[in-house]
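Line order of the protein sequences matches chains A and B.
All residue numbers for the first sequence refer to our numbering, where the first residue is 1 and numbers rise by one.
All residue numbers for the second sequence refer to our numbering, where the first residue is 1 and numbers rise by one.
Derived from the structure by calculation, the hints contain no laboratory data.
Treat the numbers as computed from the prediction; the structure is a model and nothing was measured.
Incorrect hints may have been included.
[Said to hold, decoys possible] Straight-line Cα separation of at most 27 Å, BS3-like style, residue types lysine-lysine; simulated pairs:
1) B:Lys516 / A:Lys91
2) A:Lys91 / B:Lys26
3) B:Lys31 / A:Lys90
4) B:Lys134 / B:Lys358
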Amino acid sequence: MQDPGPAPHVMRNADIDPKAEKRAEQQVAILFGLSGVSSLLLIYSYVFIASDVFVFIPVMGSQNVQQLGLGLGMSFSLLFLGLGAIHWAKKLMPETEVINHRHEFRSSDEDRDELVKTVKHAAAEVKLGRRSLIKRSLGFSLGLFALPPVLLLRDLGPLPKKQLETTNWKAGTRLVTDPGNRPILASDLEVGAVVQTLPEMPDETERLLSDIAKDPVLLIRIRAEEFQLSPEKLAMTHDGIIAFSKICSHMGCAVALYEQTTKHLLCPCHQSTFDVTRGAKVIFGPAARPLPQLDITVDEEGYLIARAPFNESVGPSYWERNSQ
Amino acid sequence: MTTAEKRLGNAANFVDERIGAAGWVKKSLNKVFPDHWSFMLGEVCMYSFVILLLSGTFLTLWFDPSQRDVIYEGVYEPLKGIKMSAAYASTLDISFEVRGGLLMRQIHHWAANIFMAAIVAHLLRVFFTGAFRKPREFNWILGILLLTLGFVEGLFGYSLPDDLLSGTGLRITSAIIQAIPLVGTYISFFLFGGAFPGVGFLPRIFTLHVLLIPGAFLAVITIHVMLVWYQKHTQFPGPGRTEKNVVGHPILPVYMAKAGGFFFIVFGVIAFLSAVASINPIWLYGPYTPGQISAGSQPDWYMGWLDGLVRMAPPWETHAFGHTVSWNILIPALIVPGILFTGMAFYPFIESWITGDKREHHLLDRPRNVPNRTALGVMSITFVIVALINGGNDILATNFHLSINQIMWFSRIGIFVLPPLAFVITKRLCLSLQRADRDLVLHGLETGRLVRMPSGEFVEIHEPISPQKRFVLTSHEQAPALELSATDARGVKRPGAIKNKVRARLSKAHAVGLPKVTSEDLKEIEHH
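This is chain B alone, in the form it adopts within the complex (with noise of 0.2 Å):
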């Protein structure tokens, strides 16, 4: 034994003696991660929430958040001399005074941008491969909650500095707490502390900011990645993979190498990104006073399509009884994406109880042999996408020289058209992939090769495929629709008629799918 080994040892047997954790170290050390590049999706996210906290810790040593007045006296000449808040002459210190400080401030935006996009990806990644179904629903609403949080957390984030641009974004963050009936003028007072712009929001998000949110953050990422240990990860359907195993690497020492290796690369190229894309440059902006904007007053990419929606919204108001509502406001801004994320959090239920599918499920689905989930996938992403146009419109109207009202009415129809489009040429696509499949396993690969036979006909030589390759694309299971009859054996009516005839009608049309091949249709063609 070494010196180093004993060493090594001995530290080891005082930890162990203390807490007893060989046993459950050593079982977690032989834990095994399937390999798939989609899986990295989600380690994105939580390295860039590490960056974000490592980066956001560097800004708070010299961010102040107070929105008291002072005059600017620092070396950013153009500004020197005007009055602004603290925040925003603190911002302007650490960009010019503090040496890497506008590297950290690109750094911490960038990766919050990064960190939005991650998760938006990662649920993607999670939706199309069928991941959240039982038991991993709980991680799904968990990661739903992140996102919501994600909003929250970037738009104090980058209002925050308190120049021009985020503090329209507030203006209108204030219009839309008015907006909610009954309380909402008094919410806005209490948490501007007093008519907007107020004396109070800036520390009281600064806190928010920095503490409560990201100790939420921690709490459930926790959580969602403890669960995805314990039920351990879900792995494409392939040879030697069944719902009763994982196959992959352990985590000592090629897993942990090659995630150590993507966190540093993750955060390298957020770092290169940084030092060579300047995004958010409030310097150019100026200090915030609401009777000044600048044209092209933009959100993040991530609170664009909420501001697409805004956008596109029909001037509706109801004025009676001397009181106000701003549908106009309160629609686009609150319940349409109330409704969508309420939707989106209990899709996994609403699957399986259209499919009346409640077991485990381990290994994940090819998206084209879900053509319903995944035609529901990509309508819901188009809806986002023409609302995100929407929220560009005016940029889009002036680099393409297009008119903004043309723009606006093409989301006002798009939103309502669009969607549906891509739910039936999604779905469709789908059908055509399965084919495609289908001949493949049938026929072989196409090899280009052409034969004369004696008979004088040209034939194409087909070579089959792979025995593993033909297993990935017929193991999937089809689940024939539930049969769920409207009147019982002597026609008479069941009770909750209307529901199962819903029920039954959404499960025909998810069940939707060509047959897979059978070794039976193979041994057919091979007798040809």
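Only chain A is shown next, with the shape it has when bound in the complex (with noise of 0.2 Å):
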């Protein structure tokens, strides 16, 4: 089909009515002006209103007078003086389009022709392909050279060594409250109660976030008669007590999330659910593994005790985890 070419052009109001014309003008103006006034209500909510001012204003709820000030004056005076130059372009300035013409990319034969020469010529004048010595010396060093920027962050951590093999659980390790750091009597533990513990730790230690990281343990305790266990696994609770790792097995958020009706775990990172009648048994979402199971038991004065370390590393699964 024919190619029309472009609609005529149609004339603006301002441009053929002087009166329209001045109205724009003026229009425009009135927004810079509100601009202006918008950065002086900002100047005015910084210097003058006190940071712990507040105010109901329906649907936002309690809002502070300071900060809103602030917010409305800045975005009020960026948008008016943005709505001010576009209006004056839509306006006032020409609209009439213009046509520019365009060039196709590819170079002209002489021109490449001519590169290919140089390049060849260069290429010739150093003769890289008869000097083989220096060619293969060149590219040994070269190879060595880019090794030292990635030996240089060696030292940017420790090896990994045994640290996510290890917890701070050792054979009679009391488990103590998170927060609080109390002791827990098995006696004390109702039905139906869950508490998060961590391992008590020698005085004056103090408790790294990197050891929190794999650390907390869940107890739980259910009627004795409801588990559903191998007769290892049952012997490593306690009269109904059950105790596994927080750290979710699959990307190690805390497992935080007990329904006591169903006596399931769920995380709320990736919704893993766990079944604590069950040994902590994967039955929903995309974790590969039950949580570790603490083996626990009372010293003499009735207080809950690790009878053993984690038998596994807790925590998500890492290349060298050994999972046999």
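With the hints as a guide, dock the two chains, each given alone in a separate frame, to form the complex.
Pasting the structure below:
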């Protein structure tokens, strides 16, 4: 179909009517003026409004007046500036369309040939193809040159060693509440109780965040007859009290949601669901392994202690993890 | 000559005598930019980047990225006396004690969200209109690079305050790194400076977040924009517009005024949102400790689809020879996104291989005229949306009283079923739209006026459309599918027969379309 060419140009009001032009000019000036007023609002809010004054606004609720004044002052000063500029451009600036021509990006054949010739000439001059000794030694040194930058990053952190396999739980470590650091009497736990615990640390030892990233244990008491566990796992419980690592076996989030009626533990990050009665077996979600179970018993005073450390790594999987 | 003109002239002369810029500047000021609302999307990206630089610089004046422990003694009562990292404490100070600090934090976070949204919208515009075709493939790849950088920069940014939510994000990040076979554990220990959460991660990502990545952004954005400048902008087809010209407004004064004004409007809208809609209230989350978590932990929206994929992954792990491979992490977090982004980066070359089209293209496609590409785009969007829905499955479940398990199963099945379905539906829709275009050109607009003919018959009057509109609807080219036979003249299989067969099949699918109206068709209809 034939190109009919662009539609005829339609003049704007401001192009033909001097009154409309004047009006548009005033509108632009008003918009710029409003921008200035808004900046004054910002300055006023910064200097004169105390930071602890609140006002109730429907829908938004209680709002800090200073924050609101700063924010609205800033946004309106910007908005009106922008609106003014665009109104100016749309109403008063020339609006006729202009045509530019495009050129093809491909260079001319002469230029290409010239370039090839120059490169070939340069290559011939340095005789790279014939100086294989230089070529090989250069390759060798460039290869080695690339290594130090990687090597120099080595001291960013320590080697993993056994850090992912070990926790602060040892045979005889008392379980203490988190927060509170109080030891727990087995007899104090009612059926249905859930307690977050940490291993008791020797005095003066500071608990690091990296300890809290692998030590937390959830203590849950249900009726002992509800357990459906293998004899070994059942032996690791004490009187209906079972202890699991709180660190998710999927990606290491804290498995913090316990549903008392179903006795399910749910990780809020990716919804892996673990059945407490069946030894934290995964019943839903992306986690591939049950939460590691801590072997617990009570000491002579009746406080809950670990009978043995965890017998597997807690937290997410990693390449070196031996799951056998 | 007025004094002002004289002074300006002197200054210009001073500069030009030293660097000879007049010729180049003159040429540049005559540059023409075509007008279309969708061309603003890229501008929104650039402007929000500038806003991010400005607001981010403001935040660095007070932010302390250290992980060292401090006891909070600021004005926010609920957290007084609590042990926390200096990073979290200084974020609280910015929020409560620096006047305008909270506003700047909000602007920074809102601008980041809008930056990513604008990148995605801009990418979709470029994809659906075929603006990525030769000669603009480089810029397409640079755009994908910017999107990828945006993910990393955003993740680092919302991790820096070291609140309970961002710490949880880092826990997941460390688990993804640990899942990489062979080297993952080592990389994780090196990056974090020890076992998670380590001592070094925040100061390190702070340097990356404020220096290295913004530097990379700045470099890539500069090349991206310079290429647009040099190659000239694409334009939609229309009367007077060809592959050889560009029709629009010159840079001075109209484009400059509009673009400059638009910067202030983008900034103003972001500031307004920041003033009235508070996001990421870190003071409510509390400081990070790995033993705690809040229900409904969500990443920012642009990471949500990745989290959704991780959530829906089946519980697969391989244990062999004393090693563990976590497919439940590797597939959704690294392998699938890796394939998607690689495929996206190479798409311009894939399409040109399918169509055999190696020419330059400066006129944009109307999405309906390229049904296969449009359907592929909608299919990808559907994939991401299903993943995003699953990324918010806990929020959806609590707000709409649904079962989280059902949403998960909907997503697990939907991620395979819905994208192909979206492909088929979109392709049919495109063809229907082509049919509507065809009807409009052939029969004109329905006026709604019924006329009774002498014979007693009622007909509706159709008004012919303008020649300009008719041209827009019929100016697209319809390239035929490639003819690639698997055998040569003597019936012997050619080398690469299977490749040719695949290519011919794809090419055929790509070339599907309704024949467009020709002037002969119109003449014929006028005869009736």
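Verification of the supplied hints:
For the hint linking Lys516 of chain B to Lys91 of chain A, the alpha-carbon distance of about 39 Å lies beyond 27 Å, and the restraint is violated. Proposed proximity of Lys91 of chain A and Lys26 of chain B is supported: the alpha carbons are some 25 Å apart, at most 27 Å. Under the criterion of a C-alpha separation no larger than 27 Å, the hint pairing Lys31 of chain B with Lys90 of chain A is consistent with the structure, at around 19 Å. The straight-line distance between the Cα atoms of Lys134 of chain B and Lys358 of chain B is roughly 7 Å, inside the 27 Å bound, and the hint therefore holds.
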